[in-house]
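Chemist: In case you want the letters, here they are:
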Amino acid sequence: MSRRRTAFGRMPQDGGGSAAAFRPQLTSLVDVMTILLVFLLKSFSVEGQIVTPSHDLELPVSSSTQPPKPMATLEITRRAISSEGTVIAPIESFMAQDSLLIEPLHKWMQMVRSQARDTLKSRQVLIQSDKAIPFNVIKRVMYTCSRAGITDYAILVLEQQ
Amino acid sequence: MSVGRRYGPGPCTPSEAAENAVELDITPVMNLFIIIIPFLITMAVFTHVYVVDFGVPPNVGAGLDQSQGKPKLRITVVLAPEFVAVTHGDKMLDSLQAPGGVPPVDSLKACLARRRMQSDIHDEVVVAVRDAVVFDNVVKVMDACRASGFVKLGLSSAAEQAGEPVP
Numbered sequence: 003m004s005r006r007r008t009a010f011g012r013m014p015q016d017g018g019g020s021a022a023a024f025r026p027q028l029t030s031l032v033d034v035m036t037i038l039l040v041f042l043l044k045s046f047s048v049e050g051q052i053v054t055p056s057h058d059l060e061l062p063v064s065s066s067t068q069p070p071k072p073m074a075t076l077e078i079t080r081r082a083i084s085s086e087g088t089v090i091a092p093i094e095s096f097m098a099q100d101s102l103l104i105e106p107l108h109k110w111m112q113m114v115r116s117q118a119r120d121t122l123k124s125r126q127v128l129i130q131s132d133k134a135i136p137f138n139v140i141k142r143v144m145y146t147c148s149r150a151g152i153t154d155y156a157i158l159v160l161e162q163q
Numbered sequence: 028m029s030v031g032r033r034y035g036p037g038p039c040t041p042s043e044a045a046e047n048a049v050e051l052d053i054t055p056v057m058n059l060f061i062i063i064i065p066f067l068i069t070m071a072v073f074t075h076v077y078v079v080d081f082g083v084p085p086n087v088g089a090g091l092d093q094s095q096g097k098p099k100l101r102i103t104v105v106l107a108p109e110f111v112a113v114t115h116g117d118k119m120l121d122s123l124q125a126p127g128g129v130p131p132v133d134s135l136k137a138c139l140a141r142r143r144m145q146s147d148i149h150d151e152v153v154v155a156v157r158d159a160v161v162f163d164n165v166v167k168v169m170d171a172c173r174a175s176g177f178v179k180l181g182l183s184s185a186a187e188q189a190g191e192p193v194p
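Protein chains in written order, with our numbering: chain A, 3 to 163; chain B, 28 to 194.
In isolation and in its complexed conformation, chain A is listed as follows (with noise of 0.2 Å):
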């Protein structure tokens, strides 16, 4: 009697088919991982990433190649301004008003500002708007951080592809 090999490459043993050792075919899940391992050494980052986008925005695309620094973040989404998810102000509540100044924010930035203890890095806020922002609200939340002490700001931004 033969032995021959299934679909699975279960071989009968010649005692009776009770013994039989299974050897499925790692052929494919090996150029699956290989595949994988590529693409993910690709993606490898020693640095890691100092600041994580927020979920609920869509920041804008840009050519710039500069890494982000650790500072305060405002988040500006199209339901509120927040910083590292704490809410701030709903946009509705600033919107109507004619002063230019966002009292929740002010003191909020006053708080960070004494918290970093007036050194070069307290007077830097980095921006995460949503790209559908009208200026008006940037307008505001910078008139905002300027009244505040801010002198420096970024945006943050996609890498474009």
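Hints were generated in silico from the structure; no laboratory data involved.
Some hints could be false.
Calculated pairs, EDC-like style, for lysine to aspartate or glutamate (alpha carbon to alpha carbon, straight line, at most 16 Å) [to be verified]:
1) A:Lys141 - B:Asp163
2) A:Lys133 - B:Asp163
3) B:Lys136 - B:Asp121
4) B:Lys179 - A:Asp154
5) A:Lys141 - B:Glu187
6) A:Lys133 - B:Asp158
7) A:Lys141 - A:Asp100
8) B:Lys99 - B:Glu151
9) A:Lys71 - B:Asp80
10) B:Lys118 - B:Asp147
With chain A fixed as given, assemble chain B onto it according to the hints.
Modeler: Here is chain B on its own, set in the frame of chain A:
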């Protein structure tokens, strides 16, 4: 000549030849993959983010410095939903239509590269934006300014009549 002789010296059928073929033991390779792939997934960065630095122009807001007299004029790019204008002081240098509300980035780059050397300050530009312009278009214009050789960007708001094209 029988078919079985093509696979080896001895008389054997194709199935027997396949059975006698050497099979590599790839279990250690699979073990390595199983260890290295979760590690790489944790260290992978799928979205690359960068920053664009800018400041408040020196003749606006907290940056106002009156100790050195009148501030020098800088090239100003006025961005409105319908057009983009390049101005220097009171002079309108260029005006470009923005079809569909999207600024013509390539034309703007060419204009700015041409006008840059005409200004006293070659590396600074002010982008003045009207309220209705969406943020994405602001970033596109800032990119065009940087691509034209301006390394320092100032961002301010534009008055509703500023940079209006002359009919």
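Chemist: Take the hints in turn and mark each one as holding or not.
Modeler: Consistency of the hints with the structure:
no.: 1; hint: A:Lys141 - B:Asp163; result: holds, 14 Å
no.: 2; hint: A:Lys133 - B:Asp163; result: holds, 5 Å
no.: 3; hint: B:Lys136 - B:Asp121; result: holds, 12 Å
no.: 4; hint: B:Lys179 - A:Asp154; result: holds, 11 Å
no.: 5; hint: A:Lys141 - B:Glu187; result: holds, 14 Å
no.: 6; hint: A:Lys133 - B:Asp158; result: holds, 14 Å
no.: 7; hint: A:Lys141 - A:Asp100; result: holds, 13 Å
no.: 8; hint: B:Lys99 - B:Glu151; result: holds, 11 Å
no.: 9; hint: A:Lys71 - B:Asp80; result: holds, 11 Å
no.: 10; hint: B:Lys118 - B:Asp147; result: holds, 14 Å
Figure legend: structure checked against the earlier numbered hints; every hint is met.
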